[in-house]
Amino acid sequence: MAADPSNVRLQGDPAVLQRQMQSGPLKRPGELSVMALLWICGAISLITTVLIVVTLFEETYHFFQEVPLQDFFFETEWQALIPGTESFGIWELVAGTANVVLWSMVIALPLGLAAAIYLSEYAHPRTRSILKPILEVLAGVPTVVYAFFALTVITEQVLRPLLGDDNVPIFNSLSASIMMAMMILPTIASVSEDAMASVPRELREGAYGLGATRLEVALKVVFPAALSGIVAAVLLAIARVIGETMIVALAAGSTPNLTLNPLASIQTMTGYMLQVGLGDAARGTINYTSLFAVASTLFLFTFALNVFATYIVNRFREAYD
Amino acid sequence: MPLAVQSASEPISLHAKGSVARRQALSRLSRYVFLLATVVGIAVLAILAVDTLRTGLPVLDWQFISSYPSRSAENAGLRSSLFGTIWVMGTTIALAIPVAIGTAIFLEEFAPKGRFTALVRLNIANLAGVPSIIYGILGLTIFVRGIEFGGVTLFPALGTTILAGSLTLALMILPMTVIASVEAIRQVPPSIRDGSLALGATRLQTVRHHTLPGALPGIMTGTILAISRAAGETAALIMIGAFAFIAFDNKSVNDDFTTVPIQIYNWTTRPQEAFRENAAAGIIVLMAMVIGLNLIAVLIRERFRRK
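One line per chain: the protein sequences are A and B, in this order.
For the record, in the first sequence the residue sitting at position 48 is 48 according to the numbering used here, with numbers rising by one throughout.
For the record, in the second sequence the residue sitting at position 109 is 430 according to the numbering used here, with numbers rising by one throughout.
Don't read these hints as lab results, they were simulated from the structure.
No residue lacks a Cβ here, since even glycine has one placed at the ideal position from N, Cα and C.
No false leads were mixed into what you were given.
Here are the in silico distance ranges between beta carbons for each label pair:
1) Arg529(B) with Leu263(A): 58 to 68 Å
2) Phe57(A) with Phe569(B): 30 to 40 Å
3) Ala43(A) with Gln345(B): 54 to 64 Å
4) Pro419(B) with Arg283(A): 24 to 34 Å
Output of the computed footprint for chain B on chain A, the stretches with three or more beta carbons under 8 Å from beta carbons of chain B:
5) 52-62
6) 294-300
The shape of chain A in the complex, shown without the other chains (with noise of 0.2 Å):
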């Protein structure tokens, strides 16, 4: 009560009390104003999570009174773009987008969490402070770079003279794959080594205090102890990759395709939309729709993995206080 000063009985030199009243907090209505500003800041971030939702589900809704559910889900064939021949299956997209997760991971993985053992467990703290923010550049290469590599120097230079021009399409999944693992390996070992070097001092010197080795401490006591961190990494990374358009527009190409090869041509979810959105589609029209319905499902998967991931941190967080 005594901290609010409108409550506080005033004695006094009226003038003197006039100022008290004014300095306390908020009672200018300037301020108030400067208040509602604030709060309106404040407001249109979840404004705008209403307008993707709001915008996304409204003509995702159109679509389904025109494609029903069951083909939906149950279809094996996407092909939207072909008037008299429309089948919209989403699983060929969804197959797209998992065989670009799937190679990408298996690239990034081993290279992400070993860069961050290294920096985390072995690197001189000089060699880390060169290290780190250099990858951390990396992390900030606009996409269509990675894309521009993709296409002219994996593809060309690279997959084509080793495994031959018969065996590589000139868009496939590999390549794509290969960038968007330069993509997000900055993001695996930046964010699992802030995940390794937050494991206290103390498990280490216990660890080497009983004769384990360097490499046994690193893999075998702040490795799991820092593993919710990591997973949330990885799940993060995997987001990333599922909303990353470029890369896969590019290189990947743009036939649908039910098959987790590699050297096969395929087309992901974000490839599809970009696809759409470059042939101006006209409002209303089915084209137009299933790029709605296919965002819808692409946010759907990237929001779950977020959800995931904070769950994931908050619920098996190692406290260490």
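Chain A is already provided as a structure; the job is to place chain B on it using the hints.
Frame of chain A, contents of chain B only:
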């Protein structure tokens, strides 16, 4: 006890034998395996960078910078896309930064601890994970085509203009800018706030004269990184329809536009080798901008690092 050790009959050797030696050797070897893995990513990108420089540098001259796009690769240049990128960046900054800082101040300094605040926090964390192409769809349906509800225009249709693109990118970078600003504001010691409040400043005066100046380096670092992400964004802008052939200098936010990454995408999709060289030259320009922004961010962070 020390006596007992000295009188041990076997000589003490510091060199391990048997399984211990094997474990130690494995551990020593592991250092180089892990180092190798760390360097792989950097090495791959170094190779790609060299390759790009070799392909792109011969094309990169003033004529390339100052020419409009063209059907012939030799005459094509970056002029309109550079104008577009600068316009879009400027407008995005003007739109996103005030809102981001306002949101961060609201969350850290004024928001009552309750459901609404918790919801806003959780929501921002989730928005940061929404793919950019979804923001593109949002921009297309709302900013480009407008919202009408029952004959009333809730938001005017802007068309594929710089303003529509900037609004889209501003929403896209808002979450990461807010998160960076919140972190920066948290780094300001509570003692500074308490001192200011104890001397009779209002909460807003405290924010304006003490909290914000203290948090500014952190806010700027986060903001610049977000801007560099917006500068390289392609998918969201293609979704709102920004891949037209632009052969004029942008003069206002109501102009059609193209940007450097969109131009790179365009050139990469052409089969002719000469356009690939243009794409490589465009990448050199784009990377120079992005790395430049990143360097500025790192310099600010180092310069103001709290001792």
